[in-house]
Structures are given as structure tokens and as C-alpha cells.
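Which chain is which? The protein sequence lines are X and H, in order. Each residue of the first sequence is one higher than the one before, starting from -2 at the first, in this note's numbering. Each residue of the second sequence is one higher than the one before, starting from 205 at the first, in this note's numbering.
Keep in mind that the hints were calculated from the coordinates and are not lab data. Any given hint might turn out to be false.
[As the list claims (entries may be wrong)] Derived lysine-lysine pairs resembling DSS-like cross-links, with alpha carbons at most 27 angstroms apart:
#1 LYS150/X with LYS354/H
#2 LYS354/H with LYS99/X
#3 LYS81/X with LYS1/X
Only a predicted model underlies this, so the values are computations on that prediction, with no experimental measurement involved.
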Amino acid sequence: MNLKLPDSVSSPQDIKAIVLEVRQYARWFAHASVKQQVSGGKVAEPPAMSPGATALIQGLAGGKPLTQTALDGLIEALEVFETKAPHMTITLAAPPPESLKKTLITWCRQHVAPDILVTFQFNSTLLGGMVVRYGSHVFDWSFRRQILAARGKFPEVLRHV
Amino acid sequence: MTAITLLQLFLLVDVFFAGVVASIAVRHAYAHFRPLPAEPDKPHSPATSDHLPAAVKERLLQTSQAHFQAVLDHSAAQLQRDLEATAAQINKNVGHLATEIVGDELENYRKQLDQLRKQAEGGMGGIREEVAKHQAEVESKLAEELKAEKQWLVQQIDTKLADAVGSFLLDTLQHNVDLGSQSAYLTAMLEEHKADFIKEVADEPEAAR
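So that you can see chain H by itself, here it is in the shape it has in the complex (with noise of 0.2 angstroms):
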């Protein structure tokens, strides 16, 4: 019983809720397809202008104008002050960012000549000293040839001279031979290779007979 009770309770809640939102829905309906017509613009009509002369209206118009226009004419001076300051401060800080970039560039720059200055005084070196090297192992090698030519034409000379004088005294000696006074020189000789020439005498006595 108790549980039929909340059952319909509850659907005529719901049914509640749905009448409601049934009426909202038609309402917006209704003024989606029949809008209102719009009111007109009221006026707006000063509440204090109709009541000032027009000769203190133009005054006051004339004293608006001309401290607007001081103002203006004061923003306007002192927006080209700023401007100018601002031009110059502009122009002072692209100097100096020029001034630094270009300093900064140059500093690069003779960086990169030192290290390429550095790196071809390397590579120089190094040429210089294979240079110096292989002038050394010339010279060395020049001397030493130089020296057996030295010698082998002092050979060459000393040979010649040697068979030239040779040769001088035999032909020069064979034409005066005095054997007189020779005797003494080959009985000299004969005592002096005496043991050799009686040891082969007595080795080969048959072969000189």
C-alpha cells in the first residue's frame, strides 16, 4: 500500500514538472515566432539647455574650444618632446647596438685572422723545417759524394803519377847500366837470400839439371 503511494506520488510529481516546463516552452515559443515591436529611441533633451542664453552658450562654447584646444596643442608639444626623446633614445641605443655589434664582429673577425695567422704560421713551421731538413740531407749528401770524387781523383792521379815516374826510370835508367859497381850489391843480395835459394836448391836438385 505504501509503495503504491510513493509510486503515484512520484509520477504526479513528474507529471508536475513536465506541466511546468510544457508552459515555458510554449511561451518561448510564442515570442520566437510573434516578437514584440521594438520601442522607439526616447530623446534626449538636455535638462539644462534650454535654459541658458545663447550668448553664454557660445561663450562657453568658445572657452570649451580654446582650453581644449590648449590642451590639445600642450599634448601634442609634449607628444613631440617624447617623441623626439624617444627618437633620440632610439637612435642612441641603434648607434650603440651597432656600435657593439660591429666591435663584437670585428673581435670575431680578428679572431679568426689570429687563428688562421696561427694555423699558417703552423703549417709554415712545419714546411720550414722539412725545407731545412731536406737542405741538410742534400748538403750531407753532396759532401759525401763530393769527397769520394775528391778521393777517387786523387787515386786516379796518384796512379798516373806513379806510372809516369815508373815508367820514367825505366826508360831512362835501361840506357846507362854500370854493373861494376853493382858487385858488391849482388854478392850482397846472393848473401842475403842465401837460406831461401840453398833450401830450394836442395828441395829440387833434379828439376835444374
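Same shape as in the complex, but just chain X (with noise of 0.2 angstroms):
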């Protein structure tokens, strides 16, 4: 099954939301599909879901009516999704706002993979910039680097002054 994921989700965690979600929506029209042909009365409301995974469902169905086993082979397609796409990581000096971050994951998705997941973190003594984590590669494009390795320059800038 080819996925292509929208932007808000962007990390392991949210494709881990999104299964559970998928599977309490699977479940529930599991037992929504169970009543319908036995009694045909109404059935429960589908359980509240996330842009996200609604999304991915309405992708799913394509205009076709939805079946058990397409929900069930959407869940593991996102779960092997999880195990095989590249996953990286970026550390910024606070938590992002959602518009950094959707910059963030366009431009990734854009440039360096389609299918790459982004996991985001904050830490408050880089300053500013941030650390990007790629397998065992880590660039690290902090202020908090700039300013140590110019500090040397610091007593000669002094001395201008």
C-alpha cells in the first residue's frame, strides 16, 4: 500500500496515534457493520479522530465503500511505514510551534525525503539554531556550537572595542 502522509503527521508517535486511532475506528466499524446486518438499527457515532487519520481513511476508502480488511491493511501498512521510512530528528532551543514545524517537515519532505519522519525536541541551552540527527550523523547548527567555537575571537573583538 503507498502512503503519502500529510504534514501534521510527521513522527513515529504520530503514526502511533494514528494506528491507534485507525484501530479503535476499525473496531468500531467492526461492530458498527456487525449491528447494521443483524439488526439494522442505528448504530453508534464513530469514535473522534484526528485530522490525521481521518485523512488517511478518506484516502483509504477513494469513493469505495470501506471494508475491514482495508482498514486492517492500513494499519499495517502503517506500522511497517513506522519500521521502514527514515526517521530524523531536530532539536530546537523551544518547543516549536506548528507552523515551524510544518515548514520544517515540508522542506524535509521536499528536499530530502517524501517519506521521512520527523521527530522534534527542544533544548534550551542551544540558544538558538538547532541539531539535526540523522542515523549516527548529527549536524549541529546551534548558537550555543557558534558561540563556543568563536570564542576565541571574543578578547580580540574586546580589544577593538
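Each chain sits in its own coordinate frame; assemble them with the hints.
Shown next, in the form of C-alpha cells:
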């Protein structure tokens, strides 16, 4: 199954949450299908889901009737995607706002890999910039590192003040 | 016959000479053992003294004594003058000699003093040069040590100052972080290192999964 995740689903935690929501929806869907086939009465309201999960389920149906098999396939595809997709960790100096998250995820999926997962962390001692970790590689573009790297230039600058 | 005659003649001559020598020896022996008695000295009797009267004799004697006394006085005076002149000359010579000797000794003493002074000056000059050389070496070494110490202190101050400024910035800025204003910067950093980042992702696609 070829999945195209929305930008709001970016990290493995998001996929796990989506999987839980889809499982709940699949459980509800199974109960609702059985109840409708047996009694034909009114079924309960579907569980509340996030926009990402809703978009995935709607994209799964594609205008056709939704089936239990399709939902199970979606869950399996999400679990496989979580284990197979490339994963990147971006550490910022503060908890990033959604707009910034969306900007960075969009950029990564456009220029690095379309199925990349991005996890955001924060560390206030970075002061600014970011630290990007991919696998065993760490790209430290933080202000802290730049300040420490330019520490030897401070006396020279102060002499010219 | 002739040879016998000559021998006999020779023997006769020898006998003759032997007799002469024997008689001379006898005479000398007799004179030696029986010397002749010594003859008494004959008195010197003046030939004329017995013919002059006593007054004349007395007058002549007085005149002779006076004349002898005058000559004696004159000779004594002259001898004294000569003696005085000689003494004066000796004193003069002694003084001159003493002056010359003292001058020579003083000259030698002065030369020795000059030589010693030159030797002392040479020694002092060498010592002065050694002292100046050692002083220059000590000053140069001290200047180098001071320079190294100054550089070390400046380096220490720079290090402490850099640590202080870095710590100040890190402690101050981490309490007021604004990510909203860093969005463009973060995107620019990703764009700047995009090639390296994509290369790492392409090289280790499995490591990050």
C-alpha cells in the first residue's frame, strides 16, 4: 500500500497515535457493520479522530465502500511505514510552534525524502539554531556551538571596542 | 897511542878541576865554621862642625828650624786646603752620585708602577668586558622571560575572558529564546547544508530507519 502522510503526521509517535485511532475506528467499524447487518438499527457514533487519521481513512476509501480488510491493511501499512521510513530528529532551543514544524517537515519531504519522519525536541541551552540528527550523524547548527567555536575571537573583538 | 894519550889528557884535566873545586870547598867550609870578627863602626865625624862657633851653629839651627817650620806650616796649610777641596769634591760627587742613584731608582720605581698599572688596567678591562657581556646576557634572558611570561599571562587572560563571555552569553540568552524569528534562519541553514544532508541520507538510508 502506497501511503502519503499529511504534513501533520510527521513523527513515529504521530504514526503510533494514528494506528491507535485507526484500530479504534476499525473496532467501531466492525461493531457497526455487525450491528447493521444483524439489527439494521442505528449504530453508534464513530470515535473522534484527528484530522490526519480522518484524511488517511478517507484517502483509503477513495470513493469506494470502506471494508474491514482495507482498515487492517492500513494498520499494517502504517506499522510497516513506521519501521521502514527514514527518521530524522531536529532539536530546537524551544518547543517549536506548529507553523515552524510544518515548514521544516515540508522542506524535508520536498528536498530529502518524501516519506521521512521528523521528531522534534527542544533544549534551551542551544540558544538558537538547531541540531539535526540522522542515524549516527549529527549536524550541530546551534547558536551555542557557534558561540563556543568563536570563543577565541571575543578578546580580539573586545580589544577593538 | 893517540887515543890513550887523549884519555890521559882528559883525566888530567878532570883531576885539575877536581882539585880546584876541593880547595874552594875547603875555604868556604873554613869560612863558615870560623868566621872573621866584625869590624867596629867607624864614627861619622863632621868635617866642618868642629870648625863653626856655637853661636853660628845656634843661629843656623834656629834659621833652619824656622825655615823648616815655615815649610811645614805651608805644607800643612796647602794639605788642608787640598783636603778641604777634596772633601768638597767628594761630597759633591757623593751628592751627585746619590742624586743620580735616587733618580734612577725613582725612575725604575715609576716604570714598575706604570707596568703594574698597565697590567692592572688590562686585567680590569677584561673583567669589565666580562661583566658587561654577562650583564647583556642576563638582560637579554630576562627580557625573553618577561616576554614569555607576558604572553602567557595575556593568553590566560584571553582564555578566562573568552570563557567568561561565553558563559555569560549562554546563561543570558537561553532564558529568552524566540523561535518565531528563527524560522527563516533555520530554513536557510537547511538550504545551505542541503547537499551534505542529502548525501548523508543517501549514504545511510538504512541506518536512520
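query: Honestly, which of those hints from before does the structure not fit?
result: 2
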